[in-house]
Each structure stands twice: as structure tokens, then as C-alpha cells.
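Chains as they are written, first to last, in our numbering: chain A, 12 to 142; chain B, 12 to 142.
Heads up, a few of these hints could be off.
It does not matter which identical chain is used: a pair holds within one copy or between any two.
Capping the alpha-carbon separation at 20 Å, the derived lysine to aspartate or glutamate pairs in DMTMM-like fashion look like this [said to hold, decoys possible]:
id, residue 1, residue 2
1, K126, E65
2, K126, D103
3, K126, D48
4, K126, E112
5, K126, D71
6, K126, D39
7, K126, D93
Calculated directly from the structure, the hints in this document are not laboratory data.
There are 2 protein chains.
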Amino acid sequence: MDDLTKPPSTELLVCVTCRRAGAVPVDDRRPGRALYDQITALDLPPGLRVTPTECLQNCDHGCTVALRGGDAKWTYVFANVDDQAHPQMILDGAAQYHAAEDGVIPWRQRPEHFKRNCIARIPPNTDPRND
Amino acid sequence: MDDLTKPPSTELLVCVTCRRAGAVPVDDRRPGRALYDQITALDLPPGLRVTPTECLQNCDHGCTVALRGGDAKWTYVFANVDDQAHPQMILDGAAQYHAAEDGVIPWRQRPEHFKRNCIARIPPNTDPRND
């Protein structure tokens with residue numbers, strides 16, 4: 012039960028079914044799966060967990076990740092993530108998201124990739140019945 | 012407190028700051044605000060509430076709406092919604108979403124617009140700390 016007393020963790024959702032148009036595959040894995048493997052091979056910042064996810068339905072602009080962190084935060088979806096170049100940037104951005112009370116990273120501090128490749132965001136949940 | 016005993020409602024989020032590229036404005040309202048006004052002027056299906064929202068950051072493909080319904084359901088974001096032609100279709104789809112246990116409307120029953128204009132979806136929440 013201890014876990015329930017902790018603040019909400021931040022969850023990084025990684026679409027493991029993503030392909031990237033024009034990408035030359037390094038091996039048999041889909042780029043989304045390779046991205047997940049690369050990210051989870053790195054040291055994760057405190058409070059972050061990484062969840063492999065089936066299809067986030069952003070198939071034309073993969074790889075795709077999402078960040079969410081409980082009812083008080085905006086949820087963000089980011090596109091065009093590169094499984095080789097971007098894993099550390101994604102984790103750094105996830106740590107910034109985790110530190111932001113409402114999940115909104117101040118614009119000037121936001122990773123350039125987040126600025127240019129946010130395809131959607133969902134507002135905090137204000138309905139107590141939807142807890 | 013009675014409300015807390017009810018099942019989660021379905022929330023239709025309507026981006027009221029959306030513009031539509033090439034759209035000829037009917038009046039001073041942004042298309043997103045007009046969409047919200049049109050939707051809320053109709054009879055809402057049971058269990059649905061409609062929430063005006065600031066920028067869902069799908070600005071290139073507005074108008075934009077999202078559907079969510081508690082931790083057990085997928086959240087969906089839909090693009091290219093027309094404020095004049097689509098309000099009833101959006102409400103019909105929202106009713107189908109509300110009826111689907113996990114929010115996934117069976118493909119063959121899904122509105123054509125939902126099939127072709129889903130830009131992202133977020134999976135159900137499985138972390139009890141994120142309640």
C-alpha cells in the first residue's frame with residue numbers, strides 16, 4: 012500500500028508497433044520496439060516509468076510517445092521520434108514534465124523536438140467521477 | 012456526494028481556440044467556439060458532458076475534439092471536425108464511445124470520420140497512483 016501514498020508517477024508511453032516511413036530497419040524489430048529498448052536501456056530519471064503500448068494511432072508520423080502523470084497534468088503526444096537519436100532527449104523531457112506541476116514545460120526550456128512535434132495534448136481531469 | 016457513486020461520465024472536449032485553414036468565418040467566433048456552441052445546442056446523449064478547452068495543439072488540422080471516460084477507457088483525439096456539418100455525428104460517436112467498456116467503438120460501427128481522422132489515442136490508465 013505504500014505505493015498509493017506516493018505522488019503520481021510520470022508515465023512515458025512508447026508505441027512499440029510504430030514504423031517510420033522511409034526508415035531503413037537496423038534489425039527485425041519495428042522502430043517503435045527499438046525505441047522502447049533504447050530508452051529502457053538508459054538510466055531513467057526518478058519518478059518515471061516506461062510503458063510499451065500498442066498503437067497510439069499516429070501511424071503516419073511515428074515513432075510516437077506520450078507523457079502523462081495523473082489527473083493534475085496535461086497529457087502530451089509527440090511524433091517523429093527517432094529510435095537512435097532521441098532516447099536521451101525524450102528522457103530529459105520526461106524529467107522536465109515530471110517536475111512541472113501541470114505537466115506544461117516552460118516554452119523556453121522545452122526540448123526543440125517537443126516544440127515542433129507535439130501532435131495533441133489532453134487537459135487535466137477535473138471530474139471526480141473520472142478518478 | 013451522490014455523483015461520486017455514478018460510473019464515470021464520458022467527456023467530450025472541444026477545442027474552442029481552433030481555427031480551420033481556408034474556412035470562411037460565418038461570424039466573429041473561431042470555428043472551434045462555433046463547434047462548441049453547435050454541439051451544446053443539441054440534445055446530449057445520457058452520460059455525456061461537453062467541456063470547452065483551450066488549444067489541444069492539433070492546430071494544423073482543426074477543429075479538434077477529444078473523448079475520454081475514466082481510467083478504464085482509451086482517450087481519443089479527432090481532427091478536421093467541421094463546425095457546421097459534424098456536430099450530430101460527433102454526439103452520435105460520443106454515445107457509442109460511452110457505451111463501449113474500453114472506449115473502443117467496434118470498427119464497422121465507427122463513424123467514418125472517426126476512422127479517418129483519429130490523430131492519436133491514449134491507453135487506459137493502469138497505475139493506481141495515478142487515480
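For each hint, the structure was consulted:
1. K126 / E65: between (25 Å within a copy, 17 Å between copies)
2. K126 / D103: Only inside one copy: K126 and D103 sit 14 Å apart there, 34 Å across copies, limit 20 Å.
3. K126 / D48: neither (24 Å within a copy, 30 Å between copies)
4. K126 / E112: For K126 and E112, the Cα distance is within 20 Å only inside one copy (19 Å; across copies 34 Å).
5. K126 / D71: Both: 19 Å inside a chain and 14 Å across chains, each within 20 Å.
6. K126 / D39: Neither. Shortest intra-copy (31 Å) and inter-copy (29 Å) distances fail the 20 Å Cα cut-off.
7. K126 / D93: within (15 Å within a copy, 26 Å between copies)
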